[in-house]
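If you're matching them up, the sequences are chains A and B in order. Using my numbering, the first residue of the first sequence is number 1, and each one after it goes up by one. Using my numbering, the first residue of the second sequence is number 1001, and each one after it goes up by one.
Be aware that a few hints might be false.
When the alpha-carbon atoms are kept at most 25 angstroms apart in a straight line, the in silico DSS-like pairs for lysine-lysine are as follows [said to hold, decoys possible]: (1) A:LYS312 <-> A:LYS182; (2) A:LYS441 <-> B:LYS1151; (3) A:LYS470 <-> B:LYS1239; (4) A:LYS281 <-> A:LYS371; (5) A:LYS312 <-> A:LYS281; (6) B:LYS1239 <-> B:LYS1221; (7) B:LYS1192 <-> B:LYS1122; (8) A:LYS182 <-> A:LYS73; (9) B:LYS1192 <-> A:LYS470.
In case anyone wonders, no lab produced these hints; they're calculated from the structure.
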Amino acid sequence: MQFTNQHKNLSSINSESKLSNDFARKIAEEKYKYGFTTDIHTDIIERGLNETTIRLISKKKQEPNWLLDFRLKAYHYWLTMNMPTWGHLNIPEIDYQAISYYAAPTKKKAPNSLEEVDPELIKTFNKLGIPLEEQMALSGMAVDAVMDSVSVKTTYKEHLIEKGIIFCSFNEAVREHPDLVKKYLGSVVSYCDNFFAALNSAVFSDGSFVYIPKGVRCPMELSTYFRINAQGTGQFERTLIIADDESYVSYLEGCTAPMRDENQLHAAIVEIIVHDHAEVKYSTVQNWYPGDANGKGGVYNFVTKRGNCLGKGSKLSWTQVETGSAITWKYPSCILTGDDSSAEFYSVAVTNNCQQADTGTKMIHLGRNTKSTIVSKGISAGQSQNAYRGLVRVAPNAEGSRNYSQCDSLLLGSQCGAHTFPYMDIHNETAIVEHEATTSKINEDQIFYCNQRGISTEDAVGLIVNGYAKEVLNKLPMEFAVEAQKLLSISLEGSIG
Amino acid sequence: MLEIKDLHANINGKEILKGINLTIHPGEVHAIMGPNGSGKSTLSAVLVGNPAYEVTHGSITFFGKDLLQLSPEDRSHEGIFLSFQYPVEIPGVSMVNFMRAAVNEHRKYKGQQPLSASEFLKLMREKRTIVELDNKLANRSVNEGFSGGEKKRNEIFQMAMLEPRLSILDETDSGLDIDALRIVAEGVNKLKTPETSTIVITHYQRLLDYIKPDIVHVLYKGRIVKTAGPELALELERKGYDWIKEELGE
Chain A
1 MQFTNQHKNL SSINSESKLS NDFARKIAEE KYKYGFTTDI HTDIIERGLN
51 ETTIRLISKK KQEPNWLLDF RLKAYHYWLT MNMPTWGHLN IPEIDYQAIS
101 YYAAPTKKKA PNSLEEVDPE LIKTFNKLGI PLEEQMALSG MAVDAVMDSV
151 SVKTTYKEHL IEKGIIFCSF NEAVREHPDL VKKYLGSVVS YCDNFFAALN
201 SAVFSDGSFV YIPKGVRCPM ELSTYFRINA QGTGQFERTL IIADDESYVS
251 YLEGCTAPMR DENQLHAAIV EIIVHDHAEV KYSTVQNWYP GDANGKGGVY
301 NFVTKRGNCL GKGSKLSWTQ VETGSAITWK YPSCILTGDD SSAEFYSVAV
351 TNNCQQADTG TKMIHLGRNT KSTIVSKGIS AGQSQNAYRG LVRVAPNAEG
401 SRNYSQCDSL LLGSQCGAHT FPYMDIHNET AIVEHEATTS KINEDQIFYC
451 NQRGISTEDA VGLIVNGYAK EVLNKLPMEF AVEAQKLLSI SLEGSIG
Chain B
1001 MLEIKDLHAN INGKEILKGI NLTIHPGEVH AIMGPNGSGK STLSAVLVGN
1051 PAYEVTHGSI TFFGKDLLQL SPEDRSHEGI FLSFQYPVEI PGVSMVNFMR
1101 AAVNEHRKYK GQQPLSASEF LKLMREKRTI VELDNKLANR SVNEGFSGGE
1151 KKRNEIFQMA MLEPRLSILD ETDSGLDIDA LRIVAEGVNK LKTPETSTIV
1201 ITHYQRLLDY IKPDIVHVLY KGRIVKTAGP ELALELERKG YDWIKEELGE
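Just chain A, same shape as in the assembly:
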């Protein structure tokens, strides 16, 4: 009962925070505030990708043979593949041999307490505003902080262990819970799935692992912050979340990356397995470095996220706020296997300057009476290109399935592009599938009306954009909703007037 109360508290704070809207002003002047690098001694292996590299990564992590085999199979499959070109994206050629596939802060042993963590690292996290310490308990979160590739510190793990919840770095899970990892790794996103999934499967560095046992409601929001730090290193995270029967977990993923001129590659995989009547909420705020106003630099974000609603009446919800990266290629998807299972995809994708985003979702209805909801809000400014790409597939046996899709585009300025590519593939005549789409533009009269009331143009854009994205932002846990509102305003700085 204790955690039910805690949850209630959270939601009451939540509703209050939605009233507060003075976020925009404070940060209106800020540029990309996470643009700093940390001076930590880093262990980087030589650039390039071959079988030796993979064996080296596996060896550094002291991995079992079955995992090395998995990596090698993925690598050999990857060699046969080509980069996908179907996205509405202009991707410069990537030299996969010019990338270093492993970087870890050097540490003699894993830290057991905060005092043991490198003070430089703590400073970085503080600059990022990651509350690793006591405020975490107050806000009811646990953070598995990932710096480059190695999980540095996991907080509140003991508290979770009491409930039988496993929340640890991926590498630790490989060591401590090999059976679970072996059973579920690649079960939702196979290494054959796509080019970037194969690459990740071959070289993934670290990531997070979550297991919620039967009937357990996770008492706090689980959170991971990813952050690229070392120059010229790729980030290949791997997240695996398993919610056993009748369990519940809300997982938050936040990304910030320091400013770099060189493009950086990020190819992550997230796999989620939801069993009978379990529920998983996965929220992301993605704020990798988008490159400068002229399109120089920025992160390439090629991510495969997919969940399988395996069990009856299971539920999976994706919420994403995408403001960063030079290029985003990302389609958090759901396979609705279990009867009566349901899935949601709520997305805000902002592109400004020269950013490109091709993002959306896939809802694959396999079970009977499965339901899915898609709400996508694209915001384009500058010379950016923003595409929604979504697939709704209803299999022949998916009697009584329903989908509702809503795709809205908001344009700021006249040089940007918004594109919608909805695909429907319906094989059962009892299915009901709806699709709505709108395109709108912030007009000068609205801005001037705000100006006349004393609200600056930047703040007015922030107000309007946050109003537009409210439906999605309201889906985020409180901590993220506030940060996401700030990010929207920061991302659109200078886009009007």
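Given chain A's structure and the hints, the job is docking chain B onto it.
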């Protein structure tokens, strides 16, 4: 408080204001009347710094400050308020969030702390009674789905929240039925203090029955061609504008 000297302004290269001179003292109510297309709305737009209009000549000072050097938001912070003839709808932005941003920006300009959520909601409750604005409207998006009368009441509500030193009512009576007109006008009167001034732009005497002007100006072809006391408005109501045109030799 306000001094306009030989003001000329263009829109899209066309000169609309051709030498306006106007002085307003604290506590005064000025009515500006005139036939369609004479430049009344242009004058209000120029006063609040609408970027669509270009000032080509002349000066405007407000409490000694050069208004033309101030951004639209700073003019608002200085205490100039425009009740728009056509209030703009802003979908998705609640009146609460909108007003809270506006009020706190004004407070920041004055070096005051922002209001807490509860202080702000209390202020809003208090002020919306002035124009009998329904709580439901206050929770909706800015002007979205408001009737014509509700939009105008909402303008005066915002005026009550921001407590301007100079309010410009641009055809606030247009599209209002008698009851709404009375509510709006009474709202304006309740907000009136000996320190605040009002410019009422209107075609009709009926608004001036409620909001009594001290001085009435006739604007015609971009110039103020006649200035007199409140009796001028009554005369215009009776006789129209032709006699003024005749006086001007047209």
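Hint by hint, here is what the structure shows:
1. Simply put, A:LYS312 and A:LYS182 have alpha-carbon atoms about 23 angstroms apart, close enough for the 25 angstroms limit, and the pair holds.
2. A distance of roughly 22 angstroms separates the Cα atoms of A:LYS441 and B:LYS1151; the hinted pair therefore holds under the 25 angstroms criterion.
3. Taken as a hint, the A:LYS470 and B:LYS1239 pair is broken in the structure, with Cα atoms around 54 angstroms apart against an allowance of 25 angstroms.
4. Distance hint between A:LYS281 and A:LYS371 is fulfilled; the C-alpha atoms sit about 16 angstroms from each other, no more than 25 angstroms.
5. Between A:LYS312 and A:LYS281, the direct Cα distance comes to roughly 17 angstroms. Compliance with the 25 angstroms bound is thereby established for this hinted pair.
6. With a C-alpha separation of about 19 angstroms, the suggested pairing of B:LYS1239 with B:LYS1221 holds against the 25 angstroms cut-off.
7. Under the criterion of a C-alpha separation no larger than 25 angstroms, the hint pairing B:LYS1192 with B:LYS1122 is consistent with the structure, at around 21 angstroms.
8. Straight-line distance between C-alpha atoms of A:LYS182 and A:LYS73 comes to about 15 angstroms, which keeps the hinted pair within the 25 angstroms bound.
9. At roughly 37 angstroms between alpha-carbon atoms, B:LYS1192 and A:LYS470 are farther apart than 25 angstroms, so this suggested pair is violated.
In summary, the numbered hints that this structure violates are 3 and 9.
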